[in-house]
Structures are given as structure tokens and as C-alpha cells.
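First to last, the protein sequences are chains A and C. So for the first sequence, the numbering used here puts the first residue at 1082; every next one is plus one. So for the second sequence, the numbering used here puts the first residue at 1082; every next one is plus one.
The reader is advised that the hints may include incorrect statements.
One copy or two, it doesn't matter: identical chains are merged, so the pair holds either way.
Said to hold, decoys possible - As a list, the in silico EDC-like pairs of lysine to aspartate or glutamate whose alpha-carbon atoms are at most 20 Å apart:
id, residue 1, residue 2
1, K1110, E1483
2, K1354, E1506
3, K1362, D1221
4, K1449, D1435
5, K1110, D1438
6, K1362, D1228
7, K1362, E1233
8, K1105, D1221
If you're looking for bench data, these hints aren't it; they were derived computationally from the structure.
Protein chains: 2
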Amino acid sequence: MKPYHLMSKEELASLKEQLTAVYKEYQGKNLSLNMARGKPSSDQLDLSLPMLEILNTTSDFNTVDGDTRNYGVLTGLAEAKQFMGEMMSAPAENVYMYGSASLTLMFDTVSRSYTHGVMGSTPWCKLDKVKFLCPVPGYDRHFSICDFFGIEMVNIPMTPTGPDMDMVEEYVNNDETVKGIWCVPLYSNPSGEVYSDETVRRFANLKPAAKDFRIFWDNAYCVHHLYPEKPAQILEILEECAKAGNPDMVYKFGSTAKVTFPGAGISAIATSKANLADMQKQMNAQLISHDKLNQLRHVRFLKDGAGLAAHMAKHAELLRPRFEAVDEILNKELAGLEVGTWTKPMGGYFVSFDSLDGCAKKIVAMCKEAGVVMTGAGATFPYGKDPKDSNIRIAPSFPSLEELKLAAEIFCVCVKLVSIDKLLEA
Amino acid sequence: MKPYHLMSKEELASLKEQLTAVYKEYQGKNLSLNMARGKPSSDQLDLSLPMLEILNTTSDFNTVDGDTRNYGVLTGLAEAKQFMGEMMSAPAENVYMYGSASLTLMFDTVSRSYTHGVMGSTPWCKLDKVKFLCPVPGYDRHFSICDFFGIEMVNIPMTPTGPDMDMVEEYVNNDETVKGIWCVPLYSNPSGEVYSDETVRRFANLKPAAKDFRIFWDNAYCVHHLYPEKPAQILEILEECAKAGNPDMVYKFGSTAKVTFPGAGISAIATSKANLADMQKQMNAQLISHDKLNQLRHVRFLKDGAGLAAHMAKHAELLRPRFEAVDEILNKELAGLEVGTWTKPMGGYFVSFDSLDGCAKKIVAMCKEAGVVMTGAGATFPYGKDPKDSNIRIAPSFPSLEELKLAAEIFCVCVKLVSIDKLLEA
Chain A
1082 MKPYHLMSKE ELASLKEQLT AVYKEYQGKN LSLNMARGKP SSDQLDLSLP
1132 MLEILNTTSD FNTVDGDTRN YGVLTGLAEA KQFMGEMMSA PAENVYMYGS
1182 ASLTLMFDTV SRSYTHGVMG STPWCKLDKV KFLCPVPGYD RHFSICDFFG
1232 IEMVNIPMTP TGPDMDMVEE YVNNDETVKG IWCVPLYSNP SGEVYSDETV
1282 RRFANLKPAA KDFRIFWDNA YCVHHLYPEK PAQILEILEE CAKAGNPDMV
1332 YKFGSTAKVT FPGAGISAIA TSKANLADMQ KQMNAQLISH DKLNQLRHVR
1382 FLKDGAGLAA HMAKHAELLR PRFEAVDEIL NKELAGLEVG TWTKPMGGYF
1432 VSFDSLDGCA KKIVAMCKEA GVVMTGAGAT FPYGKDPKDS NIRIAPSFPS
1482 LEELKLAAEI FCVCVKLVSI DKLLEA
Chain C
1082 MKPYHLMSKE ELASLKEQLT AVYKEYQGKN LSLNMARGKP SSDQLDLSLP
1132 MLEILNTTSD FNTVDGDTRN YGVLTGLAEA KQFMGEMMSA PAENVYMYGS
1182 ASLTLMFDTV SRSYTHGVMG STPWCKLDKV KFLCPVPGYD RHFSICDFFG
1232 IEMVNIPMTP TGPDMDMVEE YVNNDETVKG IWCVPLYSNP SGEVYSDETV
1282 RRFANLKPAA KDFRIFWDNA YCVHHLYPEK PAQILEILEE CAKAGNPDMV
1332 YKFGSTAKVT FPGAGISAIA TSKANLADMQ KQMNAQLISH DKLNQLRHVR
1382 FLKDGAGLAA HMAKHAELLR PRFEAVDEIL NKELAGLEVG TWTKPMGGYF
1432 VSFDSLDGCA KKIVAMCKEA GVVMTGAGAT FPYGKDPKDS NIRIAPSFPS
1482 LEELKLAAEI FCVCVKLVSI DKLLEA
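Let the hints inform the model, and build the full structure from the sequences given.
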């Protein structure tokens, strides 16, 4: 294929005419397709239906923690800690269970730091300025938490091996207003990178100017491999931090949102005992216990690491064709045109697309007018501001394969049309 | 019975000798009895076991809100709002669903006010002083929330018709540092009072000095009648506040903790739309949705107000004999001795006992040494400080009837011994 930027204006104009006709045809179909959010498909949700029958009138509800149906066991059932520890690569003794979503756990962790500080430090609400580093593109809901608490966000570019660590070190080691960084270390949201061992080691060896600096290690996709026979692996950061003399520097977050049921899963934090003790002061006032029946339901259904892996392989079977279809269509339609690049992730929930500069918003708007809802352009950046207006997050998981293919085709038409307009205006 | 204070020192000393022998006998039995927390008994938990089978592999998970198994529906399922609205005497449109416990909802409401203020007011963390009024005796976990946020607590004496409203009006209408009051309006924790219509109207007609003053109306026992054929009723405060021109002044809290499973129930807030909108800003950043499957499970099991009432009648059948046994034993052992008074509640989870001044801590300590765990004396007051050291909260719900009777007998022996000691020292 001839790159668009090498085409003459006449060629581009003629192409535009053809594509506009195609676009109008799509528009006439009154479609309603959605590639906006990383939602599991209905088929994926079906995989966990048997879990709903695990607890019944004949179940034994007694565990080492007593009758799980009653009050108590603030930090979670022992077997749930064991299970989530295995999933999150952390000893059970470093795990506290939380509620039905890790997003709430992350929010509450920031909130607690804001109101009470971190292990005795000045509460962030008493400071003039608090900054978080945000590898970009990143997860919009991380940014929303910062936004809610008035935390200033600093963009850190992603590289194929993780965030730009020179920049991370420069900020963290010299600026004491920098209190945190958001990381999705495995199959990064949205661009799918896997942090290299060197990146993890450099994280563990940070020398933070702020003693209350913490790494918010959101290992959301820790078992979400698209190719389970060759799973990506990352160094275990809790241990690396301990080795480096920074045992308290990291909070690891995990949940079963995309293992069982989004919003109705179980979540956990894995961190040092000192951090757990700090957190428990809040939990003592905030609750008596999280939903232990749901903890029990999950553990008895998924059982252990092996049970979890087998379950996740079924998810992969459903997800893989969708990811491959998107890649195939983008390849068929856009390869060689030099109007965009995209990722081919080995896990996680997203494909990250980078258009020509200044085109993302227009592409998303055109898609919407043809009935294809995408994540808002800019959403993958703090404050919703993509400096280049080029990144678009594609979420292939939810639509049926047929719908997804159609949506991807329409997306490509929009990419072409907006790119042509840009080149024609140049 | 002859009141102890009319007995001679000789009579008392002789009585003490007899009672000490009885006490020692109990001590020798290595008992382990618990009247400490308002936990449902195992029999009560069994009542809700069928709920665990409501959702299964053949269920229809689609509601007006779509597939309840997936992400979304931040403020809760429509039918859950309808159900909780019916339970909490509020229109569904004034209800937002929350997580698995109302304690967390109350904590988060205070936390949000602390970090972000109330409908645009100065965040409480930026103020030099914030005070809450605390009707006493009251619920220790309300006080823990204040304690966690450094909120100064002011004791307000309870009367048979609710908190001392002269004092409430004096504080709320004149002191702009007073931002809230904790209320358990129906079967108050622990003393069982039911707020009179006049009390509710006086609440609704407060003229707060602070525009961000809110009534934290924790209607924990709204359907927890011990005598369902003659349920106590209170005026609906949301409507009374609206009538009085204070539509935003109250947050009503409710949950199914003691309807189905403690910590694994569903909870909700009922308040004005302006307050809901304020709250939603936090929820937007904190979560995607609470556990909708648990909402669905609850609604399909309990169905509606009638289903709920029928279910609660079964709880009452199990609770009533326990409450009556405690009252019977206290009557048999202590009536006429003038060493203490106690409540005979018509609902809720507690009997409130008031000993002679300065005796509560000693009674609880003596009970413990004989194997009977009571709520710590003082726990029903802010900062754990009962100025008279006289209030003891008795929780009859959890032990078996046999154990409960034994525990109550031992409690009475301890009350007698400590009272005698006090009178002998006088």
C-alpha cells in the first residue's frame, strides 16, 4: 500500500470520495456498536455462573475464621488471603482482602493518605502540593482519583519496557511533592507493555525524596494472558523493594473483576506489614468486614493458582479471536498507509492505536456518528488531554465477533478519512 | 426485695459471702459466653440461606438496567432502590445503593465531607474544629468514625422520647462548628428508645448555624421489631425536613446486615437529590458499581415490603425469647434491690443496663473473669468514657437460650457483688 503522505492531493481527494460513500452507507445502517470499555462479553460472564451455586443451603460455612456468615474477620478470610496471595505473587501474610472492586481500594488508599498521611507523615490535605506520576497513555480511572483529590498529574511517557525510568527517577528522587506513581506493570492499560526486569529493579531502587512516596502497582491483568501457553512474567516487586531496602514503598492491587464478575468480585492489597497496619487503622473505623461469603464463594470456585489458570484459559479462548480480528482488520485496512500504529498485546483488555497527530478526537467523533462508540479521545491521559491528540483505546472484549469486525472496519474508514483531511489541509 | 442501700453493713457482708461462693463456682466452670456484640445467632443466619440459591446458572440476569453481571449502574439497580426505598420509607428516586455495609457508607460520607465539604462548603479538613453531637449512650462505631477524623464529640443525654432536643437545638442553631449528629431513631442503640413525633419534628425544624450541618439518621433497626404485631413507628424525617424548608439536612442510612447476612448485605442512603448529586461526585471516582449480583439476590429473595416483614417476623421469633429471658432473669435477680435499671426494648438488638455510679467497669471485669464477655464498659460513650461509669450494653442475640440464661445469671451475681462493695465502701 502506498503511504497516504506520498499520495498527491488528487489521489487523496478521489480516495476521500470513495471512502465517504462507504462511510455514509455505514451511517445509514443505524448501528449501535461499542468498543469503549474493557467489559467482558456475555460469554465470558457465563464461565463463572457455576460459582453462583457454590454456596447453598447445605454448605459448610465454617472455616478457620469461624462462621463466615456472621460479623467479623476484618482483614479477610485466611483462605481468601492465601488465594489472592497466590494470584498476586505475595505471601498470604502480606495480603488484606478488600471489597468488591480494587478501584475502591485504590481510591480509599489515596483518600486515607489525603486525610491521615502515610505511616505518620503529614496528611496530604495539609500540603500545598501533591503530585503523582502518570505513565501515559494510562488508565482513566487512576487519573480520576487524582483529579478528585486535586493531585497534580505529571505525564511520564511509556516505552516498550515500561515508563521512562530516567524521568521517573529524576522526579521521585528529587521532588518531595511527588507522592505516588500509577503502574499497570503487566499488559499495561491501554498499550499492553510488560515492564522489563530492569524497569522493576529501577522502581525498587528508587530513593524517594518523599518518605511517603508509594508505587501504586495495579496488577490488574496479572493472570489475563491471551496466550496462556506463553504468559509474560514480571519480577515480583514487593521482594525487589525489600531487597533494595524499600520494603514499604509499594502497594500491589489485585481483583477478580475480570476473572469472575466485574463489580461483584473480590479484591486485595499486598504490601508490607507496616503498610497493612497503617491501613488497618482506617479499616477499623470504616467497616466490620467485607463480604466474606463472596470471598468464600470465589475461593471454593477457583480453588487455587491452578484452578485460576484453568479458568483464565477459558477467558483467553474467548478473547483471543476478538483481539486477532481487530489486528487482522487494522492490518488489512491500514498497513503501509502510515496513518497510524497499533499494539498487538499478549494480554490485558486493550489495543492502543496512535493516529497521526491531531486526529484522534475527530476519528472518535466520526465513529460515533456512524454508531460506533469508542473511549473518548484523550481519556488515556491525565485531565483528558492527549498533547498530540493521537491515542485511541480500542476495547475488543465486549462485542460479538461479528459486531467487532464491523466496528473495526468502520473505525478504519474513519481513520482513513480523518487522515486524508489532515493531509489535504497540510 | 429489700433495697441494698437500706441493708446494714452486716447484712451486706453476709450477702457478699454467699454471692462470692456462687461466683467462684461459676469461675470454676471455665465458661466462654459472649453478650458483647449485636450478632445474629446461627439460627437467624439460617433463615437467609435460601437466598444463596436465588441466583444460579439458569437465572435471568437481565433487568431494566441491563446485564447485572457486568460493569455499570453506579448508583444501584432500579429494583434494589425500590426495595430499599420501601424498607427505608423513601421514594426510590431518593435512594442510592451502596456496598455490603452501611457503616462503610457512613464512614465514606464523613470522609467525603472531610476532604471535599458538603455541597460546596469548606472541606472539614480545612477547619480548625468540627463537632458532632452524640446522643448517649450510643453506638460505638459511630464514635469511632468521629475519632478517626478528629471530630470533637459532644454528649447529648437521651430521654425516653429521643435526644434532649433543647440541648440539640441550642448547639445546632448557635454553634457553626457543629456539623452533624448521630441518630438511631427507632429502637435506639443501645437503649431502645423510639423517637417521638415531636422529636422528629424538632429535628426537621432545626435552624443550623452551619449550612453543612447534617443529621446522620442511622435507621439500623427500621424493620427489626421484636413484637411485629405492634411495631413502633416514627415520623418520616426526609418529608418532615422538606416541609420545614430543610430538604438537604438529613442522610438516612439503612442496610440488610441484620436482615440477611452481616457484612454481606446490601446498604443504601436515602436523601435529597442535591445530596445524592454531591455524593455521586465521589462515587464517580471511587467505583464503577457496587455488587449488583448481591443487590439482585436480595431483591429476588425478599421481594418487597411484605416479603421483608414476613422474613423479619421469623427473626423476631428467634430474638424475642432471648430478650424476654434476659428481662426475666434481671427481674428475678435484681428487681427491688435498687442496684440498677434496665430497658425492655420493643425492637433492635440491645438491652441497656445502668448500674450504680462507678460500677460498670468493675461489673464487666468481673463478668470477664467468670467467662462472660460483655461490651467494654464505656463503649457506648464517645472516647469510651462514660462519665458515670454506669452503662452496660447487653447483647442477647448471639448465644443460645441456655447460654444466654447462664450468662445473665452470672451478670446479675457480678452486679450484686460490685454494688455491695460500693455500698460497703460508702
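Status of the hints after comparison with the structure:
1. In this assembly of identical chains, the alpha carbons of K1110 and E1483 lie at most 20 Å apart only when taken from the same copy (15 Å versus 72 Å across copies).
2. Proximity of K1354 and E1506 under a CA criterion of 20 Å is satisfied in neither setting, with 59 Å inside one chain copy and 49 Å between copies.
3. For the identical chains of this complex, K1362 and D1221 are inter-copy neighbours only, at 15 Å across copies versus 29 Å inside a copy, given an alpha-carbon limit of 20 Å.
4. In this assembly of identical chains, K1449 and D1435 lie within 20 Å of each other by CA distance solely inside one copy; the values are 18 Å within and 68 Å between copies.
5. In this assembly of identical chains, the alpha carbons of K1110 and D1438 never lie at most 20 Å apart, being 30 Å within a copy and 81 Å across copies at closest.
6. For the homomeric pair K1362 and D1228, the shortest alpha-carbon distance between copies (11 Å) is at most 20 Å, but the shortest distance inside one copy (25 Å) is not.
7. In the homo-oligomer, the alpha carbons of K1362 and E1233 lie at most 20 Å apart only across protomers (18 Å), although the nearest pairing inside one protomer, at 27 Å, exceeds that limit.
8. Taking the shortest alpha-carbon separations for K1105 and D1221, neither the intra-copy value of 32 Å nor the inter-copy value of 65 Å comes in at or below 20 Å.
Checked against the numbered hints listed earlier, the structure breaks hints 2, 5 and 8; every other hint is satisfied.
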